[in-house]
Amino acid sequence: MSKKNKAILPDPSELKEEILSKYPKKVAKKRAGSIVINDPEEHQVQQSNVRTIPGIITQRGCCYAGCKGVVLGPTRDIVNLTHGPIGCGFYSWLTRRNQTDAGADGTNFIPYCFSTDMQDSNIVFGGEKKLAQAIREAYEIFKPHAISIFSTCPVGLIGDDIHTVARTMKKELGINVFGFSCEGYKGVSQSAGHHIANNRIFTDVVGLDDSVRPGKYRINLLGEYNIGGDAFELENYFEEIGITLVSTFSGNSSILDFENSHMVDLNMVMCHRSINYIAEMMEKKYGVPWIKVNFIGAEATAKSLRKIAEYFEDDEMMAKVEKLIRREMQEVTDTLKDVKPRCEGKLAMMFVGGSRAHHYQELFTEIGMQTVSAGYEFAHRDDYEGRKVLGSIKVDADSRNIEELEVEKDEKLFRKDLPEKKAKLEAKGYKFSDYEGMMPDMDKNSLVIDDISHWESEKLIEYYKPAIFCAGIKEKYVIQKYGIPLKQLHSYDYGGPFAGFKGAVNFYKEIDRMVNTRIWKLIPPPWKDQPEIVAKFADAEY
Amino acid sequence: MTAIKRDKPYSSTRNACKLCTPLGACVAFKGVKGCLPLIHGSQGCATYIRRYMISHYREPVDIASSSFSEDAAIFGGNQLFNTGITNIREQYNPEVIAITSTCLSETIGEDIPRLIHEYRSIHAGEELPAFVNASTPSYSGTHLDGFHEAVLALVKTFGVEGPKEEILNLFPGFVSPEDLRYLKDVLEDFGIGYILLPDYSDSLDNPNWTEYTRIPEGGTSITEIARTARAKASIEFGSVFNRGNLPAKAETRKHTLTAGEYLEKKHFVKNYSMPFPMGIKATDRFFETLEEISGKPTPLRHKRERGRLVDAYVDAHKIVFGKRAIVYGEEDLIIGLVGFLDEIGMDNIMVVSGARSGLLEKKLEDATGKSPSGISVLDDGDFETLRETAEGMKPDIFIGSSKGYYITRKLDIPLIRVGFPIHDRFGAQRVMHLGYKGTQQLFDRIVNALMEYKQEKSNVGYKYM
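For the protein sequence lines, the chains are A and B, in the order given.
At position 64 of the first sequence the residue is numbered 64 (the working numbering), and the sequence of numbers has no breaks.
At position 29 of the second sequence the residue is numbered 29 (the working numbering), and the sequence of numbers has no breaks.
Extracted from the complex, chain A is given alone in its bound form:
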């Protein structure tokens, strides 16, 4: 980050005490570890990936949402079939705004919501027959390359064996059919669903096609979901600098690309939380190393592009990268000149996802806004504190229930040259398999809060009086009742793209519009007559 750890915020200990004082004793004790007053110089433990306390009004979703909604949802040529009552399928029907380019043949099943729509009798007598029939129907209608099955809560309880059904149907239909046991009650958040999705994609899809795609260099982009067209922006960059993008997990993605995704020279990880499993497994099995990249923020994008060119040690590519950056930065600089004076000094906070709450701080820094508090919805400790803590994370019962795959080296396809290349570059200080987490990038005394509740957001708002709050639709209208704009970072408020250079320009303009629109003057904030606590940073207009 460009202005790393320069500012020191006022100590929010009193705020933390006040927040905790409202909870029953046991709950307060639990929540205390999830609310950390940041010190970027010290290593602090951030409690995360622990169970949500019932009744707290969490923003978290469930295992099914992470598996079907997030990881598998955005792929256009897999027919996704929800096995369960109708709600789960309906609610995950197109709601994440993943875009896709259906290409020449127009294959795109994303707009469809297939469900076995289980009824009373299926719960009593079992739903396997109905599931098999639904798979046959999906095949008859679309003749797809693959069909995947997603379990919802009752499926696990009544003991439907979706994996046996998948195997039987695979044999019967001659296409790939695979199932995910992603019942909603598994794990503590959608994160469990990510892991389950990664596992099954790795065992049942990755590695089915060993052909070598054309091009000098081949890569995968992992953890980019093409919300609002983000992935389209990035695809253009890779093409321009001469890289073949084999697959994106999973945005504007195709199962045919997943099958071939092990035949690459490098994996780039965007959202570390949701997809690091595949990156790790691919390295073990095929020797493909991975690097963490971030294309949110103009400077971060430039940095990531340079990092890729450095990996390939190709001067021609580096020249192309520099040319691209120079060209694209022109509009970025021009926009900043206009936008920054109106946004500078304002405060922002963001509570979203498993990587965005970190990545988007870059964009705010670029327009001179400070992130005073941030947290993830479903991240683990490594996303906060960095991968250095991986060995020391205690595996609790909820995580133990999610299978950890044993992966072995593929003797035939293992790329011996890549680990050698990795070692050589590492010796020069190049970082692989590394994510330092959010906390080292945040200012001293900023508040880092995992799985924030409504009550906590309210208190934060009263204390910091931020100019903008970033989260999702569930928080949007609550926060806006305070007279504070909320930017949705899950669905982008139906805008975007926000990735890459053009995305950064879009975002600057969007935030400028949101924090400076005249509408907020019509809504007197509740603290109008209260003294400023964070006087130094608070927005003078209020």
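Since the hints were derived computationally from the structure, they do not count as laboratory data.
Check before you lean on any hint, since a few could be wrong.
To be verified - To be clear about the criterion: a stretch of chain B counts as covered by chain A if any three or more of its residues have a C-beta under 8 Å from a C-beta of chain A, and this derived list gives those stretches:
1. 54-62
2. 277-284
What the hints assert, rightly or not - Keeping only pairs whose Cα atoms sit at most 35 Å apart, straight-line, the calculated DSBU-like set for lysine-lysine is:
3. A:K143 / B:K363
4. A:K129 / B:K318
5. A:K171 / B:K5
6. B:K410 / A:K143
Here a beta-carbon is modelled for each residue, glycine too, at the ideal position from N, C-alpha and C.
Starting from the structure of chain A, add chain B where the hints point.
Coordinates of chain B only, in the frame set by chain A:
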């Protein structure tokens, strides 16, 4: 009227035309004063249902969850239930906690009344909120069943017998906040004391706040709900109510009553059940009933609204007459719409609902007073079956929720958004459906959509139409 014979009876549901049961219950519970709903199940249910309601109402919607874990799914969720309730009390201090079940808690046989009872005994001596619960397994029925189960649970739980009062119960069904505001205006103009249940006209369409309110204002209080048992009469809008999954309910002998039927049976509150007052005929029936109950004539304002509506029918009849409409959504809404469209001379060519009460055809006949020819009726249907059937039907217009947009886009015809969910237009809370006023708005929208379509498709570029 003919039921659509499906040459390929799909066992899967392809693009559902219904939502799940607990969602409807949550909407209804949002219309109770000081109430916070708790969904007893996985936290995903609360999250999904909140995000769906929020995208329609564009308002804060707080719904708690007992956040089931894997071990709770096996050993039962009473511990989580207790923690959840205590947490809600500490943070929200609600007057009412309304609990809905889910497919998860129903499948493992959670006994919610027992859980409430246990909680009460553990916390004896403390000041507790009121509790109410609705059984809403999502594998049984649709969101409409959930909605009416919740209303029934409210009058069952809180209704208190006593000397009769000069008040009217109005159970409006699943309509918009603007509809609810309109109904209150009507009853106030009549000078009738009333209890509207549920009433989410404020809680799901809040004004801006000067002070943050954790539980939005508005809603029917439990003291008011108590009086429903002492009312002079009830009016309930709907035709199918919580009978959306009648065949399965009949099998398990779980067939339940509507709130109005319950009060009539248990507390002798005369029940007037009628389809949604949409169009002149159905709205006349509503106003005539109000005249009968109150002994007062319809106030002038509403007579004039009726007159203007008839006048509008005449003026625009050349635009709507003979136009072919496809209507989809909740059965009760469809029945109201078909009565109205029939009245203005549009041809209803197909109605589609995801519910499977088996009553749709008969109730349509009852509502229109005849057996309208040429309507294809598809219940237990979905959007893909609708699309496949519609393509050969040459419809002029679709009327229903946002979910049909992908079909009208392909057919290149207008879609009038009504009902739930509407997430691709602004102001879903303020879309009107009921009464002379609501019909007028709906009529204007339909006429204008058809005019706009004609104008845009014309080579001439008409400016006067």
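Which of the numbered hints are not met once you compare them with the structure shown?
2, 3, 4
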